[in-house]
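Trainee: Next come the chains, spelled out residue by residue.
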Amino acid sequence: MSISMPALLSQLLLGLVNGSFYAILSLGLAVIFGLLNVINFAHGALFMFGAVLTWMAMNYFEVNYWVMLVMAPLIVGVFGVLIERLLLRWIYKLDHLYGLLLTLGLTLLIEGVLRSIYGVSGLAYDTPEPLNSATNLGFMVLPNYRAWVVVASLVVCFATWFLIEKTRIGAYLRAGTENPRLVEAFGVNVPLMITLTYGFGVALAAFAGVLAAPVIQISPLMGQNLIIVVFAVVVIGGMGSILGAILTGLGLGVIEGFTKVFYPEASSTVVFVIMVIVLLIRPAGLFGKEK
Amino acid sequence: MKTRLTSVALAALALTLAAGVQAQEKVKIGLITDMSSLYSDVEGKNGALAIQMAIDDFGGKALGQPIELMSADHQNKADIAASKAREWIDTAGLTMVFGGTNSGTALAMAKVAQEKKRVYFNNGAASSALTNEQCSPYTVHYAYDTVALAKGTGAAVVDQGGKTWFFLTADYAFGHALEADTTKVIKEKGGTVVGAVRTPLNASDFSSFLLQAQNSKAQILGLANAGGDTINSIKAAKEFGIDKTMKTAGLLVFLSDIHSLGLKNTEGLLHTTSWYWDLNDDTRKWSARFFDKTKRMPTDVQAADYSATMTYLKAVEAAKTTDADKVMEQIRKTPISDFYAKGSVRADGRFVHDMYLVEVKKPAESKKPWDYLKVVKTLPGDQVYTTKAESKCALWK
Chain A
1 MSISMPALLS QLLLGLVNGS FYAILSLGLA VIFGLLNVIN FAHGALFMFG AVLTWMAMNY
61 FEVNYWVMLV MAPLIVGVFG VLIERLLLRW IYKLDHLYGL LLTLGLTLLI EGVLRSIYGV
121 SGLAYDTPEP LNSATNLGFM VLPNYRAWVV VASLVVCFAT WFLIEKTRIG AYLRAGTENP
181 RLVEAFGVNV PLMITLTYGF GVALAAFAGV LAAPVIQISP LMGQNLIIVV FAVVVIGGMG
241 SILGAILTGL GLGVIEGFTK VFYPEASSTV VFVIMVIVLL IRPAGLFGKE K
Chain B
1 MKTRLTSVAL AALALTLAAG VQAQEKVKIG LITDMSSLYS DVEGKNGALA IQMAIDDFGG
61 KALGQPIELM SADHQNKADI AASKAREWID TAGLTMVFGG TNSGTALAMA KVAQEKKRVY
121 FNNGAASSAL TNEQCSPYTV HYAYDTVALA KGTGAAVVDQ GGKTWFFLTA DYAFGHALEA
181 DTTKVIKEKG GTVVGAVRTP LNASDFSSFL LQAQNSKAQI LGLANAGGDT INSIKAAKEF
241 GIDKTMKTAG LLVFLSDIHS LGLKNTEGLL HTTSWYWDLN DDTRKWSARF FDKTKRMPTD
301 VQAADYSATM TYLKAVEAAK TTDADKVMEQ IRKTPISDFY AKGSVRADGR FVHDMYLVEV
361 KKPAESKKPW DYLKVVKTLP GDQVYTTKAE SKCALWK
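Quick mapping for you: the protein sequence lines, in order, are chains A and B.
Residues in the first sequence are numbered from 1 upward in steps of one, following our numbering.
Residues in the second sequence are numbered from 1 upward in steps of one, following our numbering.
What the hints contain is simulated information worked out from the structure, not anything from laboratory work.
There is no bait here: all hints are sound.
Computed cross-link-like contacts, EDC-like style, restricted to lysine to aspartate or glutamate with a CA-CA straight-line distance of at most 20 Å:
#1 B:77 <-> A:265
#2 B:238 <-> A:129
#3 B:189 <-> B:382
#4 B:238 <-> A:126
#5 B:392 <-> B:133
#6 B:293 <-> B:281
#7 B:374 <-> B:359
#8 B:285 <-> B:371
#9 B:264 <-> A:126
#10 B:333 <-> B:323
#11 B:116 <-> B:325
#12 B:333 <-> B:382
#13 B:26 <-> B:90
#14 B:244 <-> A:126
#15 B:374 <-> B:282
#16 B:187 <-> B:390
#17 B:26 <-> B:317
#18 B:342 <-> B:382
#19 B:61 <-> B:323
#20 B:362 <-> A:126
#21 B:264 <-> A:129
Just some of the chain B residues that point at chain A, by a computed CB distance under 8 Å:
#22 36
#23 37
#24 40
#25 197
#26 198
#27 199
#28 203
#29 204
#30 208
#31 209
#32 228
#33 231
#34 239
#35 259
#36 265
As the structure is a prediction and not an experimental result, all values here were calculated from the model.
Beta carbons: idealized from backbone N, C-alpha and C, even for Gly.
Model the full assembly from the supplied sequences, consistent with the hints where possible.
Mentor: If you want it as structure tokens, here you go:
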């Protein structure tokens, strides 16, 4: 098979678009795991919830995309705070498995309710003005919206990384996970911090959901299809590593994109093959630290 | 004491045997289909509802006993479908296995039904292998198959000048069969296939595959996929402007897909369907009843579910037994005529009836809710399905 340079370039770009979704979703997972030690299986469902909220706002209240880009993460964030306060906080002392099962249960619940209302074929969402045209790059025609997805997620990813790694709040957060008692002794309200962290993590998922709404048909299943890959991304990047999640997300999006050209049948499995190899060579993930 | 125990044991045994005999004569239908994933709007729980409507319209009873319907979700996994069918036949006394969407699961269940000698109806799965290479004396393939879809849409598109094709093919039994059957029709008509890409089932992003299609410079983008995959392909094709250089031919498109995408995204899409709710007064009448219960118009698969159930129940009453061989004999010798279709079941298990080449209306042409399709041409059943000369089924020689 001969593949031309323009074809490769366009696949690289498309890979980056998909990688942006992986990055922003795995980032949320990494933040939550890093600070709460919870494997948040509900991440995919909350991503989908963000997209469905965007659709509902447009269809029932005529609230546009740009408003929802802020509102949907806020609403889902508050929902996340409720989940943390009412459910998750009771199981921190238990094994990781309990958090995983609890959030998996939540996923089934959220998906089931929305499926019985909307079915699975999905809801169409038009690309918002002024991004609904395409730019001819010479080697391909790129819809402007897809370019926006890459820019928006890179900005959000970088801001999150900066917040956690470079600011005072971030320092408290990281210290709180290492030694909560000591940090509390300094007068920091650790439980509140943890609650807000979970809310922030799932708000990131909702943000990705809003970004995805005009690209993928909005359906109760959209999170399910993505979340398993995103988990693999987190494992490859290293559980709890912020920068690792971002770089691995983008990188795997690109690798997956190329696989779609060279051997499309394997495009849904290539990420898992890489996961197995990484686990064999570096069990803590590419960017993770051995504990 | 000992005799008492023995007599209790004997009584229990007698009861079990009696129950066993009874179970054999009681009509039990088991629907095994995709209830939760990408095909569940095509059939799913509303397919079960259509079957129940047929049971109720039949009077709720057959051979003097209440008819029972069970349903299960096969999650698009062939092993789950086969083991569920086996379990229900062995432990619940299932008399008819009703297989739904997804060809991989359909072929697996056909094998179980043949081994256990149970009547097996399928709607929704399209692979023509069900009545060709893998045909069985117990299979009735009811709604459509890949051959009819290929001959319908493939031939029409080539006739309109679409000579070069590129396929987006769902990477499992159904997609492969649809691509192969359509390729055959295209070549017979003098067209060529310049390329194909096999996409994983339930892929979330089709843009990469679509760019490959665009680079192939083919005139026609052939979608050999279904349900959620078709929806996401059409959506991405629109977004990337593929529709400006290529014309899309959906080889298996359902009313639920069009409803979900909207006419703006689908107008002009040519495809082949076994049935449409707005064909005539009979179809409208039944569809109105269905709509009252579900708030959705039925897909052709859901209408076929009703019709197939009626066909089976009538055959059981006429044969006065649930015995699979006798029921199948009855089904094959009785012509079928209802709001869904008119025709008969052939020796290979294929229900041969007319199909319709349809086109999606422009938004301005749609006068009422769910008014989506116009019939371009009626395709006679004896022309669109596998012919005797083409068939490799040993039962039809």
